[in-house]
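Engineer: Letter by letter, the chains look like this.
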Amino acid sequence: MRQAVVAALAAASLSAAGPAPAQDAAARSTLSTAERTEAFAKLPYWPGYWVSEQYANTTIGGFAAPRPAGSPRLQRLNGFDAPYNDEGKARQAEAARTRAGRRADGWGYPMMMDAATPFQIMITPEETLIVNAYGETRHIYTDGRPMPPAEDMWPTVWGTSIGHWEGDTLVIETVQVQMPYTYFHGGPTFSEEARYHERIRMDGDHLVMEMTVEDPVTLTGPWSATITHVREQAFDRMVQMDFSNDRTGSENGVNTIEPPADEREGQ
Amino acid sequence: MRFQFAGAVLGAVALAVTPAQAHHSFAMFDMTKEVTVSGTVRQFQWTNPHAYIQLMAKDAQGRDVEWSMEMGAPMYLYARGWRPGSLKNGMRVTVTLNPLRNGQPGGVVRDVTGADGKPIGTNR
Chain A
1 MRQAVVAALA AASLSAAGPA PAQDAAARST LSTAERTEAF AKLPYWPGYW VSEQYANTTI
61 GGFAAPRPAG SPRLQRLNGF DAPYNDEGKA RQAEAARTRA GRRADGWGYP MMMDAATPFQ
121 IMITPEETLI VNAYGETRHI YTDGRPMPPA EDMWPTVWGT SIGHWEGDTL VIETVQVQMP
181 YTYFHGGPTF SEEARYHERI RMDGDHLVME MTVEDPVTLT GPWSATITHV REQAFDRMVQ
241 MDFSNDRTGS ENGVNTIEPP ADEREGQ
Chain X
1 MRFQFAGAVL GAVALAVTPA QAHHSFAMFD MTKEVTVSGT VRQFQWTNPH AYIQLMAKDA
61 QGRDVEWSME MGAPMYLYAR GWRPGSLKNG MRVTVTLNPL RNGQPGGVVR DVTGADGKPI
121 GTNR
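Chain order of the listed sequences is A and X. Take the first sequence: its letter number 77 is residue 77 in our numbering, and every next letter is one higher. Take the second sequence: its letter number 100 is residue 100 in our numbering, and every next letter is one higher.
FYI, nobody ran anything at the bench for these hints, they're computed from the structure. These numbers come from a predicted model, not from an experiment. The beta carbon of each residue, even a glycine, is placed where N, CA and C say it ideally should be. A hint or two may mislead.
To be verified - Distance windows between CB atoms, simulated:
| no. | chain 1 | residue 1 | chain 2 | residue 2 | range |
| --- | --- | --- | --- | --- | --- |
| 1 | A | 151 | X | 40 | 53 to 61 Å |
| 2 | A | 28 | X | 40 | 55 to 63 Å |
| 3 | A | 151 | X | 83 | 45 to 53 Å |
| 4 | X | 90 | A | 37 | 43 to 51 Å |
| 5 | A | 145 | X | 40 | 57 to 65 Å |
| 6 | X | 56 | A | 216 | 51 to 59 Å |
| 7 | X | 60 | A | 47 | 46 to 54 Å |
| 8 | A | 31 | X | 83 | 39 to 47 Å |
| 9 | X | 121 | A | 199 | 31 to 39 Å |
Unchecked claim - Computed from the model, here is a short list of chain A residues facing chain X with C-beta under 10 Å:
| no. | residue |
| --- | --- |
| 10 | 49 |
| 11 | 116 |
| 12 | 169 |
| 13 | 236 |
| 14 | 239 |
| 15 | 242 |
| 16 | 245 |
| 17 | 247 |
| 18 | 252 |
With these hints in hand, go ahead and build the complete structure from the sequences.
Structural biologist: Structural data, given as C-alpha cells:
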C-alpha cells in the first residue's frame, strides 16, 4: 500500500516536471516588479459599469430611456445589415424562421459588447478582462504573445482573443467564436471562421468600440459597426447571477411568457 | 386560459418611443396599451434574464387569475432600489403593465406601487 502511495507521488512529481512549468509561466508576468509597476502606470483606467448607449438608463421593465427626437440611429452588433453572401443569406433566413419563442443561454460574443447587461473592464499589463453581470468573461491577452496555434484553439461562445495597445486604444483580434446566433437568438449568424477586429478607446465620458468582422463563409466583404458605451448609474458593485429563468415561449409564431417553473406540466 | 381585461383598468396610451430590444423583442407586448392590475404576490422571481412577479388577481367574474409580469434583469432592478425582498409572498401591490398581445394574463411591467400607494423603487 505504502509503496503504491510513494509511486503515485513520484508519478505526480514527474508529471509536475513536465508541461506544467510552461503553463505556469504563461499565467505570470515576465516583467520585474518595477517594470510591471511602470507598465501599469502607463495603461488607461476605464472604471464603471458600461452599457451600450442603446440600453442607457434601463427601467425596471427593461426599457431603455427614450432618446431625443432626431438622434442618430445607433448601430448594433446583431449583423442584420452585414453584406451576406448566399450562405450568409441562407443562415439569416433560417434564423428569422426559428427565432420566435427561442430561449437564450446568455449573450455570448460579440453580443455581450452590445447588451442590456453592464460589463466592467479590468486592465492589467498582461491582459484585459471584460466581465458582465451574467459572469460572461473575455480574456484579452496583451503580453505580446501571438494567437495560439490553430490546433490549440476550438470554437467557443466567447472566442479566443489577443490584444495590444496603440496609445490609449486597445486593439483586439478575436477568432474561433461559435456562431453567435446559437447561444443568443438575437446574435449574428457569422461562421466559426470569422475574425473580429476591435478598437476600443475612451472619448470623453464614452467608451467607443469600432468592430470589423471578416468572414469568408458568410460575408462578401468586411462588415463594420461602431458601438458607444456609457456608464450606467446607481450600481455600487457588480452582482453576478446566472442565466437560469428564460421564460420566453411562442404561441402561433408570437412570443409569449411561459408559466413559472413550478406550474409547468411534469414539474 | 384567455383573460378578459374587463376586470382591469384598461387604457390606450400612445407611446412616443419604441423601446430598445432587450433580451428579446418587445413585439410580444402591446405597447399602445397600459393595464393596471391589483392583486396579491404569489411569487417574486429574482432571476436572469428577467425578474417576474406572479400576481394573483380577480377577473370580471371574480375568479382567481395568475398574471406573469415580466421585468428587467435583477442588476437593473437593484440599481433602481429593488431588492429580492421588495415583494413578499402575500403582499398586495398594484402593477401597471403593457399586456401580452396574445391575451394571456401577462405583460411587461411599467410601475409597481405598494398597498400604501407609494412606488416600490425609483424606476425611471
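Engineer: Next step is simple, just say for each hint if it's right about the structure.
Structural biologist: Here is how each hint holds up against the structure:
| no. | hint | verdict |
| --- | --- | --- |
| 1 | A:151 / X:40: 53 to 61 Å | holds, 60 Å |
| 2 | A:28 / X:40: 55 to 63 Å | holds, 57 Å |
| 3 | A:151 / X:83: 45 to 53 Å | holds, 49 Å |
| 4 | X:90 / A:37: 43 to 51 Å | violated, 57 Å |
| 5 | A:145 / X:40: 57 to 65 Å | holds, 59 Å |
| 6 | X:56 / A:216: 51 to 59 Å | holds, 56 Å |
| 7 | X:60 / A:47: 46 to 54 Å | holds, 53 Å |
| 8 | A:31 / X:83: 39 to 47 Å | holds, 43 Å |
| 9 | X:121 / A:199: 31 to 39 Å | holds, 38 Å |
| 10 | 49 | holds, 8 Å |
| 11 | 116 | holds, 4 Å |
| 12 | 169 | violated, 27 Å |
| 13 | 236 | holds, 9 Å |
| 14 | 239 | holds, 6 Å |
| 15 | 242 | holds, 6 Å |
| 16 | 245 | holds, 4 Å |
| 17 | 247 | holds, 7 Å |
| 18 | 252 | holds, 7 Å |
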